[in-house]
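**Student:** Line by line, the protein sequences give chains A and B. Heads up: the first sequence is residues 749 to 1083, going by the numbering used here. Heads up: the second sequence is residues 150 to 316, going by the numbering used here.
Quick caveat, the hints were computed from the structure, so don't treat them as lab data. Just so it is clear, CB atoms sit at the ideal spot from N, CA and C, and this is done for glycine as well. Be a bit skeptical, because a hint or two may be false.
[As the list claims (entries may be wrong)] Sample of chain B residues facing chain A (criterion: CB under 7 angstroms; computed from the structure): (1) L176; (2) D180; (3) L192; (4) S287; (5) R301; (6) A304; (7) G307.
[To be verified] Taking CB as the label site, the calculated pair distances span: (8) B/H207 to A/D920: 22 to 32 angstroms; (9) B/R225 to A/E794: 23 to 33 angstroms; (10) A/Q793 to B/G307: 40 to 50 angstroms; (11) B/E305 to A/D902: 33 to 43 angstroms; (12) A/D920 to B/A205: 11 to 21 angstroms; (13) A/W954 to B/S289: 18 to 28 angstroms; (14) B/L228 to A/T1004: 23 to 33 angstroms; (15) A/A786 to B/A205: 21 to 31 angstroms; (16) B/R227 to A/I804: 46 to 56 angstroms.
[As the list claims (entries may be wrong)] Chain A residues, not near chain B, derived (Cβ > 10 angstroms throughout): (17) E773; (18) L785; (19) T792; (20) E974; (21) Y982; (22) P1002; (23) A1005.
Listed below are the residues making up each chain.
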Amino acid sequence: MHDTPPGRPHGPEPDAGPDDALVGELRELMERAAAGLAPLPDLTQEAVRLGGRRRIRARLAVVGAVAGVLAAGGIGSAALGGLGSAAPQPVGPAVAPPTATRPSAVRTPVPAPSMPTPTSTPTSTTSSVSAPTGTTEALGRAEVAAALTVALGDLIGTVSPDGAGLFAGRIDGHTFPVTFQVIQGADALDECPDPPDQAVTCRTAWLSGRIEARLLVAGGDLPGDESLGISYRYLESTVKLTIGADTDAGVSPPVTADQLVVAAGSEVMLAAVKYELKYAARYAEKAEANSSGEASDSPSFLAPDATTEPSTAEPSLAGDPNDTDSASETGGSSR
Amino acid sequence: MSATVRQRDFEEYARAGRQRLYRTAYLLCGDREHARDLVQSTLARLFQHWHRASRADHLDAYARTVLTRLFLHERRRRLRDLLAHARPDPAPAAPRPELRVTLMAALGELPPRARAMVVLRYWEDLSVSEVAAQLRCSESTVKSQCSRSLTRLRAELGDAHVYTAEY
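If we strip away everything but chain A, and leave its shape as in the complex, we get (with noise of 0.2 angstroms):
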């Protein structure tokens, strides 16, 4: 008798019918095939580094898809690093804590949405720059994990900033990741694979009815290693949206495919689309203008933008009635 697990005697099956002389037969000579197998040698060691190695690149392959997507972009106009930091460089700015020391002139201190922009924006000043950019970044990234709160109706919980570039939703003890990326100048948007891969599903889906895109779902293999994906063209752009499985508890995001795609297609999400792209033509003009003009030696040219164009330096989701609902909602739940 071969050492599996304990399980049912051998012996006719119920849907074995006439083949029970077979099966019984199949079962003696795969046992007396397998039991004449040489004892395998040791591979426990060998299993350990591999699977190390396997751990640490899973859990790298988010950050580094991400990071590789923007440098692709090349405009990096992404919401990783909160919708107050799409600026034309790594998200890695993003993150860092602020000092004054940073080459801040290609940050923009943006308000967020939220900010009471005309009492804070008279205040900046040369030296204070930095700390405001860190905070508006901050906040900025806040704005975006309140948006995919919302637009993911808590099926992951309260999404929040995590680390470089990255969000998380917590519920229940479990830690989802979470990326939602905004990329512009991207073509069109790809096919799926075909054939398609194995590891992967993927499907076309409509956001609104109206807006195409695709809906991918990776892993399965395992229990808890489901991840899934969005990704749609949105004015000019490609907007990409995924959520992780809990890799140390394995738990796949509670999220279904159809789940993903409403929350990918809700207005706080097309909104936030839309306040990021805003911000990021905003940006570009300011930072052509000030390279062309000025050229400043200046820690930073923001603080002039500040105070003086408060109008231009405080994007909003107010400009039009989708964004303001938008607006509210996301102001709302952030805090």
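Dock chain B against chain A, hints included.
**Tutor:** Same frame as chain A, now just chain B:
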């Protein structure tokens, strides 16, 4: 539980269970080297996810599920490679007595999924519903596939009982 303790637990389990996994892997693969690789990959996956694997109600069943799915995944990958490129790796003949050759040849004639069903059903003694759950298909699919597989095996094995008697 500390990482050291977790690793020790894993090593203990791996050492105790590797031969059992190896046997199942061999029946699935029909080749010792592939079976060894499959066990290696399975153990690596188990260690990767040991945090939750160790909390499974039935760790052996968990490991078997990983093994089976890795086997099927590997076969599908090889099939894709075959379709995309050229010849597949010819399955090396088992350098063993007639019994093993006959059985493995007969099992090797079955498609990977059907073969997995046979091994799980008749070697691992899983119920139809357990096989269906493990392979993520319906119970009726398991029943019909097993029935068809038995018919094919009967034709392939022919007088296998002779080998059984002589082995």
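**Student:** When the structure is checked against the list of hints, which entries are broken? Sort them ascending.
**Tutor:** 2, 4, 5, 6, 7, 11, 13, 16, 17, 18, 19
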